[in-house]
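Colleague: Here the protein sequences line up with chains A and B, keeping their order.
Each residue of the first sequence is one higher than the one before, counting from -6 in the working numbering.
Each residue of the second sequence is one higher than the one before, counting from -6 in the working numbering.
A few of these clues could be false.
Any copy will do: because identical chains look the same in the list, a pair fits if it lies in one copy or spans two.
[As the list claims (entries may be wrong)] Keeping only pairs whose Cα atoms sit at most 30 angstroms apart, straight-line, the calculated DSS-like set for lysine-lysine is:
(1) K303 to K75
(2) K349 to K315
(3) K199 to K311
(4) K199 to K(-3)
(5) K142 to K177
(6) K(-3) to K11
Keep in mind that the hints were calculated from the coordinates and are not lab data.
Number of protein chains: 2
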Amino acid sequence: MIEKLKVKPTNRYRNNAKAIGIGNTFWDNSEHHGLAGIVADLQRGRLYTQEGHSFVNFSCCSYLDLDSHIQVIEGAITALRKFGVLDHCIPRTRVQIPALLELEASLSELFEAQVVSAISASVATSGILPLIASGHLTDDERPLMIFDKNCHVSMQQVKPICADETEIVTCSHHDLDFIEDQCKLYERVCYICDGSDSLGGYAPVKELTQLQECYGLYIYYDDSHSISAYGKRGVGYVRSHIDCLNDHTIITATLNKAFGASGAAILLGDRSRETLRIIERFAGAISYSQPMNIAAIGACLASADIHRTKELHTLQYKLQSKIALFDSLVPTAQAGSTFPIRLVPAADSEVITLGKLLFEAGYYVSPVFFPIVARGTAGLRVMMRTGQTDDDIRGLAQVIINNRLLSEVAK
Amino acid sequence: MIEKLKVKPTNRYRNNAKAIGIGNTFWDNSEHHGLAGIVADLQRGRLYTQEGHSFVNFSCCSYLDLDSHIQVIEGAITALRKFGVLDHCIPRTRVQIPALLELEASLSELFEAQVVSAISASVATSGILPLIASGHLTDDERPLMIFDKNCHVSMQQVKPICADETEIVTCSHHDLDFIEDQCKLYERVCYICDGSDSLGGYAPVKELTQLQECYGLYIYYDDSHSISAYGKRGVGYVRSHIDCLNDHTIITATLNKAFGASGAAILLGDRSRETLRIIERFAGAISYSQPMNIAAIGACLASADIHRTKELHTLQYKLQSKIALFDSLVPTAQAGSTFPIRLVPAADSEVITLGKLLFEAGYYVSPVFFPIVARGTAGLRVMMRTGQTDDDIRGLAQVIINNRLLSEVAK
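Work the whole structure out from these sequences, hints included.
Modeller: Dropping the structure here:
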C-alpha cells in the first residue's frame, strides 16, 4: 500500500496548533472551575445564573452602561419601526436605504472625522489592512507594515493576507526607535497598534504623531477600548490627542463596548471620494451585503445623541470616580490611569483559584492568560463600569486583598 | 541622498492592484450611469429615490421577502424589550446571556444540525477555515485544502491565512476528477465551495458525498443563497441532499438573505463538546465580544418559527411561480432551475446600457462583471422574490426582450 502524502504548514505568521494547544488547557481549567462558559440572565445590572447564583460583572466592556440605556434600546426599536426591515439584503455599493448614511453622517460630526461603518471592529480591520498593504490607502505606494507585538488578535490574524500584498514585520510593544529606523530605511511605513490596550494603557500618540510629521509615517489604530469612555463627547484617546485627523491616520473603534450598541466606526481624515469608494467597494466584508443592521444603526444614532449631551460627561466622571475608588483600595501597575481596566497580577497557577473565590463572593472577574497575554503575565482583569456601586467595588477589593494576603502567607 | 527601500509583494493568493484596477473602472462606470451608489427609501416593497424615481429591486437576496415580515420585525423588538440590551459586551466563552443559546437550539432543531452562530457568513468563514487548515476540525490531521475557483470572495480571501497553516490549491469549478485525484494522493483533503452559487446553480452534492464515502473527503460549503428558499423547512440545497450531516461536512449560511434577518449559521454534524468549544474559543471573530446582537437574535427566532409553519412552504411555492414566469418570458442558461437567480448575458460593453434602460423603466437589476465574474461573462443578474408582482416580472422581461432585439439588430 502506497503511503499517502501529509501536508506541512509554514507557520510563518500564525500557529493554531501551538496557540490552541496551550490556550485550550487554560480555558478548560477556567470552565472546569466555573469561570468560563457561564450562562446568566441580566437584570438591572446584575447577572443571575439558573442555579440561583447572582453576581456583578467586572469583565464587561460597556464601561458607561450605555448598553442598557433606555434611549439606546428605544433607538433600536424606533429604527426598526421606521424602516420596517432589519436588513434589505443588497451590497450598499449598489442600492442602500439611507439608514447607514445617516449614521455615518452623525458619527462623522461627533468624532470630527469621515466615518465609514462596519459590522464589527474585526471586520473593519480585515477590510482595511489589506487595502493599506496594497498601497490603496497610502498614496499608491505599498508600505512596510509594522505590527505591534501586542496588537489585538483581530489585527494579528490579518498578517498573512497583508504579507501577500506587501512586506510585514512585528516590533516590540510601542518600539518607537524601531519604527523610526524603518521610516529612515523605507519609502513608506505603516504602524499597526491598539490605541488603547485591552489590558490597560494607551499608545504613545504624541510621539507617533512626531514620527508622522518627520517621516510621513502611516498609522492604523484600534481604539475600541477608549471610544466613548475617554475624551470630549467620547472621541476616544487617540482622536483626543490628534488635533486634526490627517490622511496618514486611520482609527477603528468598536461600537459594542462603551458606545453601548453594536457595530464599528472607521475614522478617516479628509479622504477623497475616490478613496472612500475604494473602501466601500473593496474593503473585504465591508463591501458584501452584510452591513450593520437597522436595530444597531438606531441604537448607535441614539447613543451618538447621548454623546452630544452633558449626560456623557456625567457618565465619564462617574466612571473615573469608580476607577479612583478601586485604585484607593487595590494597588496595581495601572493605578492613576484614566483607563477603566486594571490587571491584578497572579501566578499562572493561582489565577483561577483567585477568580473562583471572587465569583463565589458575587464578582465575576476574568482571569487572563496565554495566548491572551504573554506567559508569566497572568492575572485578573478587573473592568470598571459606571453601573457598579461603590459597595460592589469595596466588596471586590476586600476579597482581592484578603486573598493576596493568603497568597503571600502561603509562600 | 540615499534612496529608500520599496517593498515587493508576493501576490501568491491575491492581488489588490489587479483586482481593484479592473473592478473599480467598472464600478465607476456603473455609478456614473446611476446603477451603483443608489440611495432609496423602502416602502411596501418598492424603492423611492429622493429625486422621485421609484423602482422594484431585482437584485435583493431576500428571496422570500421575510426581511420585512411583520413577525420578524416584531421578533427583534420583543427580544430587545425582553433582554433590555443590544449586546452585553463580553466574550461568550466567559459569560453569556441565554439569547444566543436559545437561537442556536432553535436553528439546530430546524436544520437538523448542530448550529453555531456568527455575526455574518464571512466572519463564520474566516473563523472556521483556519481551524480546518490546522487540522482542528479534520480529526487532528491538516488537510490539503482545495478551493473551488468560483467560491465566494469571502472564502478566497482567507487563502493566505490557510496557506500558513497547511497547503492549499485552487481547482476548476466543481472539478470532481481533480478532487478525487487529490484524495488518492493526500491523507486528508478538504474541498471549499459554494453550495449555491451567487450566479445561479448548485454544487454537485451527491457526487461529492460519494467522494466522502470513498475517501473521507471533508467539505466546507457556503450555502447562503439557498437557505430558507430551498428544501423542507428551508434547510437549503446542501442540507436537503445529505441524509444525515456527518462530521466531514460543514455548511455555513447567512441569515441575511432569504432567512430575512441578520447573522449566520454554521451547520455541523455530530461534533464533540470539545470541538464545539474549540470553535467558540478559537474561531477568529466568533470568539471575540462581537456576537449577533439581540435584535438579530429575536428576528431570527421569529423567522425560524415561520420556517416551521405552512407559510414557509407557501412562500417557497410563490417564489417558484415567479421564477417559472420569468423563465417562460426570458430564456437563460439557468431556465428550469429552482434557483432564484438568472444571468442574462450581455457584452461587457453593453451591460451597463441595458441595466440603465431597465432602471429607467422601474427595475433595478445589477450588472455583474469582473472581478465578481470572469472576464467575458458579464451580464445582468436578475433575482426573483416572492414580493415581486407578476406584472413586475412581465414588465422587466419586456424591456429585456426589446433590448436584446435592439442589441441583435445592432450587430
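Colleague: A separate judgement is required for each hint: does it hold in the structure or not?
Modeller: Hints versus structure:
1. Both within a single protomer and between protomers do K303 and K75 lie at most 30 angstroms apart by alpha-carbon distance, with minima of 28 angstroms and 29 angstroms respectively.
2. With identical chains, the CA atoms of K349 and K315 are at most 30 angstroms apart within one copy only, with a shortest distance of 23 angstroms there and 59 angstroms across copies.
3. With identical chains, the CA atoms of K199 and K311 are at most 30 angstroms apart within one copy only, with a shortest distance of 27 angstroms there and 62 angstroms across copies.
4. When the C-alpha separation of K199 and K(-3) is checked against a cutoff of 30 angstroms, the pair qualifies only between copies, where the shortest distance is 25 angstroms, while the shortest distance within a copy is 57 angstroms.
5. Proximity of K142 and K177 under a CA criterion of 30 angstroms is satisfied intra-copy only: 21 angstroms inside one chain copy versus 41 angstroms between copies.
6. For the identical chains of this complex, K(-3) and K11 are intra-copy neighbours only, at 25 angstroms inside a copy versus 37 angstroms across copies, given an alpha-carbon limit of 30 angstroms.
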